[in-house]
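Each chain, letter by letter, is given below.
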Amino acid sequence: MEARGASQRGPMLGAGRPSPWVLGLVPLALIAIAVVAFAVLGVPGLGERRGPPVEELLVEQTTLRPGQIELTVRNDGPDPVEVAQVAINDAYASFGASDREVGRLEAKTFTIPYDWVEGEAYELFLLTSTGGTIEHEIEAAVATPENDLGFFGLMALLGVYVGVIPVAIGMLWLPFVRRIPRKGLRFLMALTIGLLAFLALDAVLEGTELFGEEAGAPEAFGGMALVFLGAFLAYVALAAVQAHIESRRERAKAAGAGGAYLALMVAVGIGLHNLGEGLAIGSSYAIGALALGTFLVIGFAIHNTTEGLAIVAPMAERPPSLGRLVALGLIAGTPAIVGAWIGAAAFNPSVAAFLIGAGAGAIVQVIQQLIPSIRDRGGRALYPASVGGMAAGVAILYVTGLLVGG
Amino acid sequence: MIAGLAPVFGAAAAAKLAGVGGDLAAAPAVAAAETGRPHARSPGHGVPGHGFQAGRTVDHAANGFDPSEILRDFDMGKTRRLPSGRLLREWEIVAEDKEIEVAPGMKFAAWTYNGRVPGPTLRAREGERLRIKFINGSEHPHTIHFHGIHPAGMDGIDEAFGGGSVATGKSFTYEFDADPFGLHLYHCHTSPLAAHIHKGLYGAFIIDPKKGRPEADELVMVMNGFDTNFDASNEVYAVNTVGFHYQDEPIKVKRGELVRIYLANLLEFDQINSFHTHANFFQYYPTGTSLEPAEFTDTIMQAQGQRGILEMRFPFTGKFMFHAHKTEFAELGWLGFFEVED
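Line order of the protein sequences matches chains A and B. The numbering used here applies: residue 1 is where the first sequence begins, and numbers increase by one. The numbering used here applies: residue 407 is where the second sequence begins, and numbers increase by one.
Simulated from the structure, these hints should not be mistaken for lab results. Watch out, some of these pointers could steer you wrong.
Unchecked claim - Only part of the chain A face toward chain B is listed, based on derived beta-carbon distances under 10 Å:
id : residue
1  : Thr72
2  : Ala84
3  : Phe125
4  : Gly131
5  : Gln369
In this text, a Cβ means the ideal position worked out from N, Cα and C, and glycines have one as well.
The task is simple: from the sequences and hints, build the whole structure.
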């Protein structure tokens, strides 16, 4: 095919035909002409939309300070929205804003002086100029932590406890992994696949949950599709990286380097996953929803210890240097700190969905790469021991996941 | 209530309402502490309290009516003697679709009588012959159903109830006797009823007793509400349409002078409404059909369509709050002040 195509292209260019670039632009030019004609002819449906304006506002951030509630809203709909009044718990409240109109995709902050009571629930209504209402619930009012240095320090500490320490502890399984027989190692690799499969599923659910009825993240930026876009892009990007490395490796005939590479990929995938966990912790802490803080951190810590095992399992045959081990641990663990910071300071559900989706895509790619390592002498990937290992991996995360309360 | 609460939220709503109960008493205290004078207006001062966003008011000129003027605006119609010697009183009422501002910045697609909500306060005297020419300038069929004693053909109900509504561009003349004396209402009686009433087609209808009532500063207050987001519950509660209007512009009355309030409840979607005055009591004449008061109180309750006459004198000067003693309505707009002066 390649050869024939090339041989055909030669004579065509030689005969003075337009270059392929010009040919490629022809359909685009036709589309542009059609669009202009459509607009100029005033085809019904263009221009003014019939019916009342569509008013969609999403509360992106709620900040509670003593005697004051701050709402940051984003206009997710096609039309600008004017916030005329604000009511809290069926009572109008005075509020401050330099400009009440929120343009499309724009975000505005409204400050409402209100003597809220800690632990109580509040139902907030933004009433628009057309009389429409946008509802937002504060399930339990808690003062929002100030974004000062101490707060970032606390978030970093949470990230270390949830990401870095558990992963590092898990990696201490390396000596054990090195001493077990081949059969046992295959089981461990299967276990790792089970762990990762659970994490991938968990990430997809977590990402899509951002756009549920309750959470209400904006749809205008792609909504739930962002999770899958992130997953797809991460998958193909890692696949490309793998293909590139493999082609170099073939030339170098370094057949044994696979373990280190796999470990790196696992670390990257887990790192993205931990970024998602960090985001979850940080954002729930920021919005005051981290009521069970200590318990949540303990749960995540136990849950994440197994991730360390997943990183070291591929390196059983050729032990890496200590520096490399530390680097892998940091790649997998530190994103939790970054995630906590981002989640607490500037949580953006759309970005979070994309990153969480990317984590899932990366994990799926890693699973695909791990599969050869569980093949037995007959070349089978699915046999009782490997299936048992995968099931055990899923079960471990399921049970430890219960500690975090789902 | 702003949201039409589903049963699943019942418990939460109950808890929420319980939590709100104490606010009304607490908020003025906060204002007083900060400004050093009682009943300081909270909006505009940036302190927590009732009211709309600071510094915003409704554009009354654009609305075409001002609640402060509606208070003392009695439409006596035109009169002439019939050959029998009896007095004939005539009005012309036009139904009109109109967007009105019911709270600062919040528009509501209203249906009005004579371009205002509530419609004109029609006032006649017991025993007169009344003739009301109704012209429907709205895009929807409407009627005027008067409360009072009259023949079936003059009852203003639509086809669904065996009567007939007035189509767009058509007119109909209602004619009946002013009977009995008291405070009555009129409203559209076309299906669907809730929509035709709550969109603004209603008004007060006063029939004075033959011998009249004692001289007084007379005020009309029609308690109403608006469902701006079509969820069968009200977002704004008010007296004479604009929420918190009489908080921003208190009703000025003279100390010691008899004040007579014609109070009617046209609120849709909520079962009951109420009226409470601070620091004072009033004589209450339910439906105004008796010249003897039924009760001396400071709080009364009215279901939709109920009305009555209140008579009171203010012994002290100063600002005195009045509001629905259903706290939620009060905090959603149904709250105002009397300003008593010498």
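Consistency of the hints with the structure:
1. Thr72: Violated, because the Cβ-Cβ distance from Thr72 of chain A to chain B comes to roughly 17 Å (cut-off 10 Å).
2. Ala84: holds, 3 Å
3. Phe125: holds, 5 Å
4. Gly131: holds, 2 Å
5. Gln369: violated, 47 Å
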